Structures are given as C-alpha cells and as structure tokens.
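K.L.:
Residue-level listing of the chains:
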Amino acid sequence: MMRDHSVIGGRRGGLLLVVAAAVAGVIVLGFALASQEPAPPSPPGSAVGTIDPSPATSQDRTPSADPTPDRPEPEHDVVGAAEEVPLGASEPVSVSIPAIDVRTEVIALGKAPDGTLAVPQPGPNLDKAAWFEDSPTPGQPGPSVIEGHVATEQRGPSVFFNLGNLRPGDKISVEREDGKVAVFTVDGLRDFDKDTFPTKLVYGGNLSTPTLRLITCSDFDASIGHHTGNLVVFSHLTRVRGA
Amino acid sequence: MRKPLTLLVPLAAAALTVAMSPTAAFADGADGTYQTTLDPLNGSSGSGMAMISVTGDQASIDLSWSGLPETFMDAPYPHVQHIHIGNRGECPSPSDDANGDGIVDTVEGQPAYGAIGTTLSTKGDTSAAAGTNIKIAPGGSSLDYSRTITLSQDTLDALASGTGVIVVHGLDPATLSKKAANAKSNLVPELPLAATSPALCGALSASPTGGVATGSGSTSGVENVALFGAGGGLLAAAGVGLVGRRRRSVTQAG
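Order-wise, the sequence lines are chains S and U.
Every letter in the first sequence is one number past the one before it in this note's numbering, and letter 230, counting from 1, is 230.
Numbers in this note's numbering are just positions in the second sequence, counted from 1, shifted up by 1000.
Bear in mind the hints are in silico, worked out from the structure with no lab data behind them.
Values in this document were obtained by computation on a predicted structure and should not be read as measured data.
Heads up, a few of these hints could be off.
Claimed, not checked - Computed Cβ-Cβ distance ranges for the label pairs, DEER-style:
{"no.": "1", "chain 1": "S", "residue 1": "221", "chain 2": "U", "residue 2": "1136", "range": "46 to 54 Å"}
{"no.": "2", "chain 1": "U", "residue 1": "1095", "chain 2": "S", "residue 2": "223", "range": "40 to 48 Å"}
{"no.": "3", "chain 1": "S", "residue 1": "38", "chain 2": "U", "residue 2": "1144", "range": "25 to 33 Å"}
{"no.": "4", "chain 1": "U", "residue 1": "1088", "chain 2": "S", "residue 2": "113", "range": "15 to 23 Å"}
{"no.": "5", "chain 1": "U", "residue 1": "1045", "chain 2": "S", "residue 2": "50", "range": "41 to 49 Å"}
{"no.": "6", "chain 1": "U", "residue 1": "1045", "chain 2": "S", "residue 2": "241", "range": "15 to 23 Å"}
{"no.": "7", "chain 1": "S", "residue 1": "223", "chain 2": "U", "residue 2": "1088", "range": "32 to 40 Å"}
{"no.": "8", "chain 1": "U", "residue 1": "1125", "chain 2": "S", "residue 2": "110", "range": "34 to 42 Å"}
{"no.": "9", "chain 1": "S", "residue 1": "177", "chain 2": "U", "residue 2": "1055", "range": "57 to 65 Å"}
{"no.": "10", "chain 1": "S", "residue 1": "116", "chain 2": "U", "residue 2": "1055", "range": "19 to 27 Å"}
{"no.": "11", "chain 1": "S", "residue 1": "178", "chain 2": "U", "residue 2": "1162", "range": "52 to 60 Å"}
{"no.": "12", "chain 1": "S", "residue 1": "241", "chain 2": "U", "residue 2": "1144", "range": "21 to 29 Å"}
{"no.": "13", "chain 1": "U", "residue 1": "1175", "chain 2": "S", "residue 2": "115", "range": "32 to 40 Å"}
Stated by the list, open to error - So the derived list for chain U, only partly shown, Cβ under 8 Å to chain S, looks like this:
{"no.": "14", "residue": "1039"}
{"no.": "15", "residue": "1043"}
{"no.": "16", "residue": "1144"}
{"no.": "17", "residue": "1205"}
{"no.": "18", "residue": "1208"}
{"no.": "19", "residue": "1210"}
{"no.": "20", "residue": "1211"}
{"no.": "21", "residue": "1212"}
{"no.": "22", "residue": "1213"}
Backbone N, C-alpha and C fix where the C-beta goes; we use that ideal spot for every residue, glycine too.
Excised from the complex, chain U in its bound form (with noise of 0.2 Å):
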C-alpha cells in the first residue's frame, strides 16, 4: 500500500495549484452549523451524511458513509476524502466528463467543487498536502467518523460563503464501463481510473438557524369573530326591545 501512496502525488499538487488561486476573506468567522447528504457520483452506490460545526477555526466534524468499495489490491480499499473549496461549491454533473468514458474523474470535477481545502483524514494532518495519504485515509466499505480539527482560514471562508463540497474518492472497478474500468488515471498512470475518482459527494450548506416558524396564528384566541358578534348583537337587541316593552307596560298601567 506504500507504493499507490507516492503515486498519489501528483494528485495533490494539482489540488494545490488550484487551492493557490485567491479566495474572498470574510471578517466574520464561519460559526455555525453545516450539513450535507453525501450522494453517489459516477454510478457508485454509497450514501451518507455529513455535519460540520464550526466555533473559530474549530470544526467538529462528523461523516457517515456506506457502500463503498471493501478492498483493493487485497487491502481495505482506502478511501481519501476532502472538503474541496474555491470554485462554484457544486457537485459535478455528467455533462462535466469532458472526455466522454462516463465517469467525472477528479479533474474533470474541479470546475464545480474545486481543489483540496482540508483532508479528513483518520488522524494527523488535514491539511491539503494530506490529501492523498492513504495511510491516513479512511478505509473499507463504510465509515462512522468524528474528529475536531483545525480548518484554515480559506476553508472557513469557503463555508462561510456555501462553497465547501465534500468529495469522498475510490470506485469499484466493477460497477464501471468496459473502457472506464480498463482505464489508468489521467493523474496517476500506474493506478486504474476507478482508484482516484470520486464516488460521493455533497455540497455544503448552513443548516437553518434558529427554531421554527410553523405558526403564524393560534387557536387560543377568538375564531369567529363576526358570529360572536351578530349573536351578541342579536342579544342585545332582544334586551332593549324587552326593556323598552316593560317600560311602555308600566307607562300604561299608570
């Protein structure tokens, strides 16, 4: 498993370039609360969900997936998982495989969800130039995973502004086009397509601040104000008229 971990390189420093590129700083922090579903890129058929709460440039957060692929090269199948920041803060859609073999391979993704702004690794750095150490990944078929980290101040930004996309990256081979599952990864030649592209994905939002406003009336007041009314009305008349009745009874009587 050492030798596909140097080979994952080159992976990085395309991230990077990208990660160079500048980013709008915000004055405010990125306090808050964010969530995303985790859905299925490139025909893979895992799912999950992730939640991140921010305090200053502390994160917890927390990731749950499942339906991954189990193993490769007879090993658990380390699957390397970001935050991907500085572009439109989407997940790719088909029409983003510009090269036409069906599946949107890491680069071909970066238009819509950027490069690397944090690695969620198991433990150690998570930082960018993590983002390919698969001794630090997460590997096997699911994943339940908490941590508090440190985010970087353009990641901070980039939640903050609703352009954080979490990428979880490692296909089955299997679950791919002839062509595509034959293929070697246009980052890394040595390794097939399947090992470097990504398999889930969800863009992060603020989730809702605050309660809920499902009530914009009660039913502790008065329902019906215009029956009370016409009936105390009605009342009322059949008062004066009775008064008034007895009133003319006694003039007469007199």
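Chain S with its partners taken away, still in its complex shape (with noise of 0.2 Å):
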C-alpha cells in the first residue's frame, strides 16, 4: 500500500511538473514574440511624392494621391510666407516628428575617415538624430541634412525606425540653439541604392531655399547582415516660430 501510494504520489508529481513547465514554456514563448520587432516600414514602391517643390508652384500642389486617411489634409504653406526665411546659421537641437511620434535630442556629425557621413556611435548618442554639421542649419538656404539609425545591433529600432511612415504634408519640427523652431513640410520619401546614391541631388539640389533632408537606412539584406539602401525624406521650411 505505501509502495502504491508513493507510486501514485510520484506519479501526480510527475504530471504537475510536466504540465508546469508546458505551461512555463508557453507563457515565455508568448513573451518572446511579443518582443519581435516587425521589418520597419517602407514606402510604398521606392518614391512618395516629389523632391524640392519649386517655391512658385508649391502653394499650388494637389493634395498626396494617397494620403492617409486619419490624418489632416497637408496644409501648403507659401514658401518665404514666414518672416524671417531664411534664418540664419543656428544649429539644431531637437527634432519632433508628430506624425511617428519621434521627439529626440539632435547631436553634430561630420565625415568618417573613409569620407562617408558619420554616425551614432555606440553609447549614450546612439539613438539620436544627427545633424551633418557642414550642410546649412536647419532654416538656412540649401538642403539640411539630419540622420538617424533605422535599427542598430546594439538596442535595436532607433530613432528614425518609422521614417517609412511619412507621407506628404506631414510636419518636421526643429528647434535651434536660438530658441526658433524651424517647421519643415514633407514633400516626399525616396529610397536609393547605397551603391549608387545621389550625393548632389541629396546634399544639393536647390541652393537657395531652406530645405531639409532626414536620412536612415532601408533594405535590409538578411543574406549579407546589412542595409543595402538609404531611406531620404525631402521637406521643405514653411513656417518659423518662436524668438
């Protein structure tokens, strides 16, 4: 009888720890993908919108063939409405981009040694956006040029992960070291081939109108462990508020 006993015991014991730990297994499973990162988001085809609307036609542009839907109809700000366009050399400090729910410090980079733009590094700046210091200030006249890390190895998606998301007539704030806020109109996203990137047209282009570029990575290509493209959003100042 013990003998039994013990044996049904033991038995009992058995299920329970076996059922414990499926039930453990399930619960941490759950938890792992709830942690999966999807892909970020690309724009549909490679190219949304236009790049650098000229300042005589850009009141008159049509709203985006796709916009969507819960957002607001992009306002059309007359280029040169604002006061004091273009301002004056003042360097960024923050960016907000309501539209992805991005808000971040914005630090100053330059070049690598290998003559490439530079990047957040590892440590406390990696997920910040970052200003190409040699490109105009954000409000000057000519293309300012901001990136941010899509996703780093590190930590993961970064700061501009949901760049893909925006679509034309949604708005870029930056504020400078002189208290203005220099708001920027996205006019269109455009996805380039790393290998073949357009330096001039991304770093140029027109000279005379303050715009602003914001540069991540896209294309991930899972076979070689890196991205294969750049992701550039082109945006153009329309407003400026502030001291």
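Two chains, two frames, a set of hints: combine them into the complex.
P.N.:
And the structure:
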C-alpha cells in the first residue's frame, strides 16, 4: 500500500511538473514573440511625393494621391510666407515629428575617416538624430541634413525606425539653439541604393530654398547582414516659430 | 562703372602675389562633390550655399546667395566672388581685424582664406586675373549661379586638400560703424572700404561620399534569443517529462 501510494504520488508529481513546464514554456515563448520587432515601414514603391518643389508651385500642389485617411489634409504653406525666411545659422537642438511619434535630441556630426557621413556611435548618442555639420543649419538656405539609425545591433529599433511612414504634408519641427523652431513640410520620400547614392541631389539640389533631408537606412539584406539602401525624406521650410 | 574696374586692379595684383606661393601637388584628381554654406562676414545680412562637382579639371558650380546690397553708384552692386586658395582654408574671424576698425578687410582675411585661385565670373575669364573685373561679376542683391568651368591645378589641389574658400565681396556701407563706413579701401583708396571687403564666406569641404550607414542592425532577425531559448527549453522539458511518464505507466501496466 505504502508502495502504491508513493507510486501514485510520484506519478501525480511528475504530471504537475510536466504541466507546469509546458505552461511556463508557452508563456515565455509568448513574451519572446511579443518582443519581436517587425521590419521597419518602407514607402510604397521606392518613391512618394516630390523632391524640392519650386517655391512658385509649392502652394498649388494638389494633395497627395494616397493620403492617409486619419491625417488632416496637408497644409501647403507658401514658401517665404514666414517673415524670417531664410534664417541665419543656428545649430539644431532637437527634432520632433508628431506623425511618427519622434522627439529626439540632435547632435552634430561630420564625416568619418573614409569620407562617408559619420553616424551616431554606440553609447548615449546612439539613438539620437545627427545633423551633418557641413550642411546648412535648419532654416538656412539649402538642404540641411539630419540622419538617424533605423535600427542598431545594440538596441534594435532606433530613432528613425518609422521614417518610411511619413507622407507629403507631415510636419517636422526643428528647435534651434537661438530658440527658433523651423517647421518643415514633407514633400516626398525616396529609396536610394547605397551603391548609387545621389550625393549631389541629397546634399545639394535647390540651394536657395531652406530645405531639410532626413536620412536613414533601408533594404536590409539578411544574406549579408547589412542595409543596402537609404531612405531619404525631402521637406521644405514652411513656418518659423519662436524668438 | 568703368572707373572702379581700373581702381580694383591693385586688389588683383595683391591677390596674385599670394597665389604664386607654391602649393602641394596631388597626384590624384579632385574628383568629387564639395559644398559649403555662405555665411555673413563683417555684419553682412546675406546668406547662401555653394556646391561644386569636379570631374577631371571640369567643375560644375552651383552658387546661391541673397541679402547683399542691391546698388552701388546708382548701378547694380557688383559682387566679385572667388574661390580663394593656398592658406588655412578658413573664413576669418573678428580677431583677424588687425587695425581694429570693425571690418576684416580683404587683406586682413588672407591669412585665413588665401589668395584668389578662381574667379566665379558670370562669363568669360575665370582666372585670378579676372578677380576684380566687375563687368563679368554678378550684380545686385541676390544670385542663382550655375556654370561649368575649367579649374586650374592650384584650385583643384586646394579643393582636394580642403583649403578652398568661397568669398563674395561687397558690403552695405549703411551696416558698418561710422568709422568703417567713412573709411577708404586700403587696396583702392578711391573706393569706400565697404566695396572691397568680404561679405559672405564659406570654407569648401568634400560632401560625404556614398550612402549613409544608419543601420548597424536589423529587426528582421530574432530579437530575444534568450527568451525563445528559455521558452523552447521549458516546452522540451515538458515533452521529455510526458514521454517518460508514459513509458513508466506502460511498464507498470505490463
């Protein structure tokens, strides 16, 4: 009898352990799945909207052909309507992009030793946006360039993870050291192959209009473990707020 | 407007003297894209940007500025503009104002930006000799300039070594201190100091090459390997336990 009991007790205990392990396993796997990040959004096709609308026509642009329904109709402010366009030089301090819930400090970076644009390195600045210090400050005439990681090995999704969700008409606000806030309106998105990156178009183009380019990575190639493309958001200054 | 042209010749001569100083030669070309913002000097209210794309000795030059004085002697204000070369490759700072008149004049700026290497004229001669030829200088308060020209080896070398500086001249006397506004040019005594002084300056540097490495990782892989491992391990343990339990009951039944 004692022996039977112990056998029964042992069998019950084993069953409990098995069930507990199975339940715990399912729960842990659930957490693991929940922590999985989706791929970053990319614009439909490789091109949305326009690049650098000329000041004369920007006010006449028709709304985007594929507007996101829950977004207000894009405002088309007249370039030059703001009193102080273009602005003088003043470095960017922070950038906020409400449409994709981005608000971040902005650091200044130059070029890496190999001549490419330097990018935020592992450490406290890894997930901040970076202004290219040889480009105009936001609000000065010409294209100001601000970059940010899409994702990093160290921390996964980064500051510009959702950049591909921006659409023409969305606003980008850049706070400057002088207290002014330069507000840019998105004109378009382009996906460029890094091998044929159009330097002159992205860092140049219309040199007289204050514009802003946001750059991040795109087109992750799992077979080589690298992004092979760059997503560039083109926008132009439509408003200046503050001091 | 013919008179100032003659008067400005000593300015070119002074510039040429410095241009003769030897510069390092570079075996490889200056191929690439260079850029700079044009920022105000000497209380100027102007601003602008320049971009230069070089292939061999051919340079496609795009230049845009605004906010400079509109008229001079009842005519469009001539704003001579150059790529200066051969010195530190920088724009001067207020501390370069050697005589303390509040203006860093063209000569005072030369230790920073050097002498004229190329004249960004609207047509014809682009050599240093055309540096003060106001007949082919842009005039008025703003400019959108696009021109493909041949660059000298000295200017190509300066671009490649990061010592090329774009300077646009011509200040509004009304924005200067009374002393400076009344002063005569130290190069051309018949002209006001304002006319020959730098108004905009930008040190050229190579634009970044290639794409941008803004993605050291990806979210397309497995983010939480440890969690997946732990969960999988627990399930596997449960499976082993279940099998073991069945075997035992089979044995006992037998």
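K.L.:
Broken hints, numbered, in rising order?
P.N.:
2, 3, 5, 7, 9, 11, 15
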